Structure formats: C-alpha cells, structure tokens
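Chemist: Sequence:
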Amino acid sequence: MTFLNNPMLTTEEVAQKLIGCLLISQHGETQTSGWIVETEAYVGVVDEACHSFEGKRTPRIESMYKEAGTLYVYQMHTHKMLNVVTRSSKEPEAVLIRAIEPYEGVSVLEDRRNKTGVQATDGPGKLTKAMAVSMADNGSVADAPPVYIDPSTRRLPERIELSSRIGIPNKGQWTDALLRYSVRGNPYVSRRKGKPADNNGWCPVLD
DNA sequence: CAGAGGATAAGCT
DNA sequence: GCTTATCCTCTGT
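Per my numbering, residue 38 is the first one in the first sequence, and the count goes up by one each step.
It is worth saying that the hints were derived from the structure and are not from the lab. All of these numbers come straight from a predicted model, not from anything done at the bench. Misleading hints may appear alongside valid ones.
List of simulated lysine-lysine pairs, DSBU-like, C-alpha gap at most 30 Å [unchecked claim]:
no. : residue 1 : residue 2
1   : K54       : K103
2   : K54       : K208
3   : K230      : K117
4   : K232      : K127
5   : K103      : K208
6   : K230      : K166
7   : K166      : K93
8   : K93       : K230
9   : K127      : K117
Could you put together the complete structure from these sequences and hints?
Modeler: What follows is the structure, encoded as structure tokens:
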C-alpha cells in the first residue's frame, strides 16, 4: 500500500503528494521519465468539472470506478489526458497530471514531441505525447510498467502553489476552487509566467 | 508577451 | 449539432 492506492487519503492529499514523484514510461528498451510538477484534483460526484459529476457512468469513464491507483486516460481533441484514480471515500475521483520536468531520456521526449526545452512537457496533452501514453494505458495500474509512478522516488518542492483549475469556465465555485497544485517557480508548469526559481523550485538534495 | 481563432475527435443531446 | 480537464500559430504591442 502506498499513497497511490490508499483509499483513506483525500484526492487533494494525493494530488499534493504526487508533486515531486517520478513518472516513468517503458516502451521496449526505451525508458523515459520526468518529475511531476503540476496536478489537479477532480473531487467526484459533487464536482461539476469532474467526469463522474452526479455519478455519471459511461464506458469512457469506467476507469474512474475502478480501484484507487488505476490510470484513467481519455482523449480530448487530439490529445490524451493522464489521470490517477483515487476513490477517496469510495467515490470516483481522480488527479490529472498536467506537467513534468524531464529526467531520463530527454532527447527521446523531445523527438516524440518535435519540440525542445520546456515546450516538450509543459502541458497535459504534451506530456502524454512525450511519454507515449496511449488509450491502451487506460485502466491499467499506476505502479507497474509500461506507464507508472514511483512513489518512493520523490523530490521535495520548496513550495507548492495552489490555484484554480485550467479550462473550467462557468462552473461556479468549482471554477475558482483551489484544486490545482504546482511547484512554485518551476519552468515546466503550464501557462506560467515570470522567471524560474532557483533550482527550478526544488529543495536542495541532501546527501 | 497577450489574446484570438482554428484544428480535430469523441461523447452526448 | 454542440461541448470539451488542449495545442499551435498568428497577430499586435
């Protein structure tokens, strides 16, 4: 049991704990990875922005009703979106992974995207393309290959910034709710402005 | 650097 | 048809 599949944790807690974890992708001999720097919590049947709002259940959403620690992948326009199911209080909830800071296989990530630098992984649709996430990953477990999260390999951010979720207009309190988490000052966070923080916003490594 | 608009596909009414 | 948890390009400052 890790925080990934512990149904006692709230979705907000999981979204925060995912910041700094390593997201890994293995396809054949190719391994790529990156540190999670931005997430959003979608808090289930009461959340107008959540796919399971009011208990909606269709084939597309079915993965949200599986156990905590399941990957929920869906397609939006031409892009895949990667989520981790939480089942906080048994409800169908999830965390959207919105951006990563590349770690292993940087040139592979950039080639898959045909972009270099921050543009390779600074958005939810961008990171899935860079990490080769596909609809085949929908419903699989989040702690084993080909696409998985290593909860033991974790960097600590100096500060986690809370903000409202992106792309949720006209949803009342849910438009403004502070359910987006990001590493303050990290250049890979989507839609951010200003100059990067020292050490990209991470605490110094102690050794 | 900010804002506008179009691409493009699946799900829903 | 309309909407959408996006991305990219183009325009104007």
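Chemist: Indicate, hint by hint, whether the structure satisfies it.
Modeler: Hint by hint, here is what the structure shows:
1. K54 / K103: holds, 21 Å
2. K54 / K208: holds, 26 Å
3. K230 / K117: Roughly 25 Å separates the two Cα atoms, so the pair holds.
4. K232 / K127: Given that 30 Å is the threshold and the Cα spacing comes to 41 Å, the pair is violated.
5. K103 / K208: Holds. K103 to K208 sits at ~26 Å (cutoff 30 Å).
6. K230 / K166: The given pair, whose Cα atoms are some 23 Å apart, holds under the 30 Å limit.
7. K166 / K93: It holds: about 28 Å lies between the C-alpha atoms, which stays within 30 Å.
8. K93 / K230: violated, 36 Å
9. K127 / K117: holds, 26 Å
Checked against the numbered hints given earlier, the structure breaks hints 4, 8 and satisfies all the rest.
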